[in-house]
Amino acid sequence: MNEMPNIEQAIKMTDSKISANKVQVYYGDNQAIKDVDIEIQPRSVTAFIGPSGCGKSTFLRTINRMNDTIDICRVEGSIKIDGEDIYDPKVDPVQLRAKVGMVFQKPNPFPKSIYDNIAYGPRIHGLAKNKSELDDIVSSSLQKAGLWEEVKNRLDEPGTGMSGGQQQRLCIARAIAVSPEVILMDEPCSALDPIATAKVEELIDELRENYTIVIVTHSMQQAARVSQRTAFFHLGILVEEGPTQDIFTNPKDKRTQDYITGRFG
Amino acid sequence: MSEHTVSAYDEELTEMAGKVAEMGGLAEKAFADAVSALVSRDLELAKTTIAQDERLDTLHQEVEAKLIEMIARRQPMGQDLREITAATRIANDLERVGDLAKNVAKRAIAIDNSLGSKKLAIGVEHMTELALNQLKQVLDAYTRKDPEAAKRVQEADAEVDAIYTSLFRELLTYMMEDPRVITQCVHLLFCAKNIERIGDHATNIAENVFYMVTGDRLPEERTKLDETTSVS
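Residue numbers (this note's numbering), protein chains in the order written: chain A, 8 to 272; chain B, 6 to 237.
By construction, these hints were calculated from the structure, which means they are not laboratory data. Keep in mind that this is a model prediction, so the values were computed, not measured. In this text, a Cβ means the ideal position worked out from N, Cα and C, and glycines have one as well. Treat the hints with caution; some may be incorrect.
Calculated pairs, SDA-like style, for lysine to any residue (alpha carbon to alpha carbon, straight line, at most 20 Å) [claimed, not checked]:
(1) Lys259/A to Glu164/B
(2) Lys87/A to Gln48/A
(3) Lys34/B to Asp205/B
(4) Lys259/A to Arg222/B
(5) Lys261/A to Arg87/B
(6) Lys259/A to Gly220/B
(7) Lys259/A to Pro152/B
(8) Lys151/A to Arg50/A
(9) Lys150/B to Thr256/A
(10) Lys261/A to Glu8/B
(11) Lys71/B to Asp15/B
(12) Lys141/B to Glu130/B
(13) Lys259/A to Asp221/B
(14) Lys111/B to Lys24/B
(15) Lys24/B to Ala70/B
(16) Lys124/B to Glu182/B
(17) Lys261/A to Lys150/B
(18) Lys259/A to Lys150/B
(19) Lys261/A to Lys24/B
(20) Lys24/B to Arg78/B
(21) Lys34/B to Asp47/B
(22) Lys261/A to Leu18/B
(23) Lys259/A to Thr219/B
(24) Lys261/A to Thr10/B
(25) Lys141/B to Lys124/B
(26) Lys150/B to Asp260/A
(27) Lys259/A to Arg87/B
(28) Lys261/A to Glu130/B
(29) Lys259/A to Asp151/B
(30) Lys261/A to Asp151/B
(31) Lys150/B to Asp15/B
(32) Lys150/B to Asn257/A
Here are a few chain B residues that face chain A, going by a calculated C-beta distance under 10 Å [unchecked claim]:
(33) Glu8
(34) Gly83
(35) Thr90
Given only the sequences and the hints, what does the whole structure look like? Please build it.
Take a look at the structure:
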């Protein structure tokens with residue numbers, strides 16, 4: 008956060024990674040997201056905050072078309088990544104999700120070994136030509152996730168046997184393994200203790216050098232700690248979006264002010 | 006502004022603002038009394054003023070402890086964060102005002118009465134009226150959360166500075182005319198300097214009130230009229 012002005016400047020000079028325009032999401036007749044426009048900057052962390060049911064998770068899931076799996080869900084408007092419409096019929100959602108990885112609230116490692124958890128994605132996407140290339144992907148993914156030193160001698164052990172914090176970092180390593188460009192995180196620390204949370208936050212801060220990260224969080228302190236930009240959602244509307252330090256010290260909208268100061272009735 | 010979901014938070018904020026306002030009242034009184042003791046040669050008043058400063062210091066410590074506690078427990082954001090930050094700074098300013106007033110009161114005791122210092126002290130009295138008014142206005146602005154009033158205080162500080170410069174010249178002239186008054190004049194000069202600094206603290210408070218309410222900085226366009234550094 009200390010280097011904000013430079014980051015801000017750097018961000019202004021680049022094009023946005025994700026560009027959403029007039030996005031509407033419906034669950035049956037219920038409209039969950041109304042008219043959301045947002046530009047998400049590359050190689051930075053954007054936090055989505057807002058009360059439960061405000062649509063922040065729903066909107067996050069539109070970015071890798073996770074909502075496709077829900078029958079009654081309908082998405083309108085356009086979401087572009089690097090200028091390409093991800094809802095274009097020609098786009099393969101499976102390929103899209105390799106490019107836009109996701110980490111969930113509860114760590115969900117596969118009931119497989121630590122090694123296979125990481126190797127799974129690269130295998131199905133055919134990213135490794137042989138065993139040694141796959142080994143490299145596994146070790147480098149675990150290294151990037153800051154987990155290598157802790158697990159390098161027990162790669163054959165089940166991923167489900169690790170601590171909650173380690174499991175979550177394993178899930179992040181698994182997401183990294185398929186070389187995504189964007190990583191979506193839906194409350195990645197809500198099931199973790201403060202130390203495991205700090206490790207994940209440290210990891211997020213390192214990852215933003217190479218990835219575009221969007222994180223949904225209920226903890227405003229977490230949003231303040233990890234993100235460069237923050238977006239506040241309320242009742243399916245994107246109320247306010249801006250540099251994190253502005254949102255938390257001097258928000259422009261009264262609804263944002265009320266939410267961040269704990270005044271929502 | 007609507008209330009917090011956690012009502013104890015509102016009570017804490019109200020209590021904090023109340024204590025800062027109380028510090029303001031004490032600082033104001035100490036300042037008025039110190040100058041009054043100086044001008045009317047009231048040694049008793051000077052002594053009580055000196056003794057009263059302890060109360061302001063204790064209150065300052067209480068406010069500071071409360072503010073740190075609130076930061077730790079509430080993790081303030083937005084308007085609350087600005088109010089708490091502003092209160093911290095304002096409390097520091099008011100504590101300094103108390104110290105400066107105490108110093109004036111000490112000098113009131115030290116000044117030798119035999120040489121008609123009352124005449125000399127009149128200029129100081131006039132300067133005090135202005136600075137005291139600044140302090141009153143800014144404390145009002147804090148309580149009413151009025152950024153416009155804060156802005157006016159900032160702008161009016163130039164006047165205090167201008168009087169200080171002219172007083173500085175006047176006292177220099179007296180000292181040149183009659184070396185016997187040098188000790189007195191130097192004391193008065195320090196008193197004047199203290200008062201000028203009280204004016205500066207009022208300006209600081211004004212800037213903090215403005216930031217607290219609006220989230221923006223007051224533009225620093227005022228002209229500096231304290232020219233004593235270039236008087237030769």
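Consistency of the hints with the structure:
For the hint linking Lys259/A to Glu164/B, the alpha-carbon distance of about 35 Å lies beyond 20 Å, and the restraint is violated. For the given pair, Lys87/A sits about 12 Å from Gln48/A by alpha-carbon distance, which is consistent with the 20 Å threshold. Among the hinted pairs, Lys34/B with Asp205/B is consistent with the structure: their alpha-carbon atoms are about 17 Å apart, no more than 20 Å. Between Lys259/A and Arg222/B, the direct Cα distance comes to roughly 15 Å. Compliance with the 20 Å bound is thereby established for this hinted pair.
Taking the CA atoms of Lys261/A and Arg87/B, the gap is about 15 Å. The hint holds against a cut of 20 Å. For the given pair, Lys259/A sits about 10 Å from Gly220/B by alpha-carbon distance, which is consistent with the 20 Å threshold. A C-alpha spacing of about 17 Å is found between Lys259/A and Pro152/B, which places the hinted pair at or below 20 Å, so the restraint holds. For the hint pairing Lys151/A with Arg50/A, the CA-to-CA distance comes to about 15 Å; that is within 20 Å, so the pair holds.
With a C-alpha separation of about 17 Å, the suggested pairing of Lys150/B with Thr256/A holds against the 20 Å cut-off. Distance restraint check for Lys261/A and Glu8/B: the Cα-Cα separation of roughly 13 Å lies within the 20 Å cut-off, and the hinted pair is therefore satisfied. For the hint pairing Lys71/B with Asp15/B, the CA-to-CA distance comes to about 13 Å; that is within 20 Å, so the pair holds. Restraint check for Lys141/B and Glu130/B: the C-alpha separation of about 16 Å stays at or below 20 Å, so the hint holds.
Only pairs whose Cα atoms come within 20 Å are accepted, and Lys259/A paired with Asp221/B is accepted, the gap being roughly 12 Å. Between the alpha carbons of Lys111/B and Lys24/B the distance comes to roughly 26 Å, so the proposed pair goes past 20 Å and is violated. Only pairs whose Cα atoms come within 20 Å are accepted, and Lys24/B paired with Ala70/B is accepted, the gap being roughly 12 Å. For the hint pairing Lys124/B with Glu182/B, the CA-to-CA distance comes to about 15 Å; that is within 20 Å, so the pair holds.
The hinted pair formed by Lys261/A and Lys150/B meets the criterion: a straight-line CA distance of about 17 Å does not exceed 20 Å. Pair hint Lys259/A plus Lys150/B holds up; C-alpha atoms about 18 Å apart against a cutoff of 20 Å. A threshold of 20 Å between alpha carbons decides the hint, and for Lys261/A with Lys24/B the separation of about 27 Å lies outside it, so the pair is violated. At most 20 Å may separate the alpha-carbon atoms for a hinted pair to count; Lys24/B and Arg78/B meet this at roughly 19 Å.
With a C-alpha separation of about 15 Å, the suggested pair Lys34/B and Asp47/B falls inside the 20 Å cut-off, and the hint holds. Distance restraint check for Lys261/A and Leu18/B: the Cα-Cα separation of roughly 19 Å lies within the 20 Å cut-off, and the hinted pair is therefore satisfied. Note on Lys259/A and Thr219/B: the hinted pairing holds, with a Cα-Cα distance of about 10 Å set against a maximum of 20 Å. Restraint check for Lys261/A and Thr10/B: satisfied, since their Cα atoms lie roughly 16 Å apart, inside the 20 Å limit.
For a cut-off of 20 Å, the pair hint linking Lys141/B to Lys124/B is broken: about 26 Å separates their Cα positions. Proximity of Lys150/B to Asp260/A is assessed by CA-CA distance (about 19 Å); at most 20 Å being required, the pair is judged to hold. Note on Lys259/A and Arg87/B: the hinted pairing holds, with a Cα-Cα distance of about 14 Å set against a maximum of 20 Å. The hinted pair formed by Lys261/A and Glu130/B fails the criterion: a straight-line CA distance of about 46 Å is larger than 20 Å.
Taken as a hint, the Lys259/A and Asp151/B pair is honoured in the structure, with Cα atoms around 18 Å apart against an allowance of 20 Å. For a cut-off of 20 Å, the pair hint linking Lys261/A to Asp151/B stands: about 18 Å separates their Cα positions. As the CA atoms of Lys150/B and Asp15/B are separated by approximately 16 Å, the hinted pair is consistent with the 20 Å bound. About 16 Å separates the Cα atoms of Lys150/B and Asn257/A, which keeps this hinted pair within 20 Å; it holds.
A cut of 10 Å between beta carbons decides the hint on Glu8/B: the least distance to chain A is about 7 Å, and the hint holds. For Gly83/B, the suggested interface contact is upheld, since its CB lies about 5 Å from the closest CB of chain A, less than 10 Å. Hint on Thr90/B holds. Least Cβ distance to chain A is approximately 9 Å, under the 10 Å limit.
In the structure shown, a violation is registered for the earlier hints numbered 1, 14, 19, 25, 28, in ascending order.
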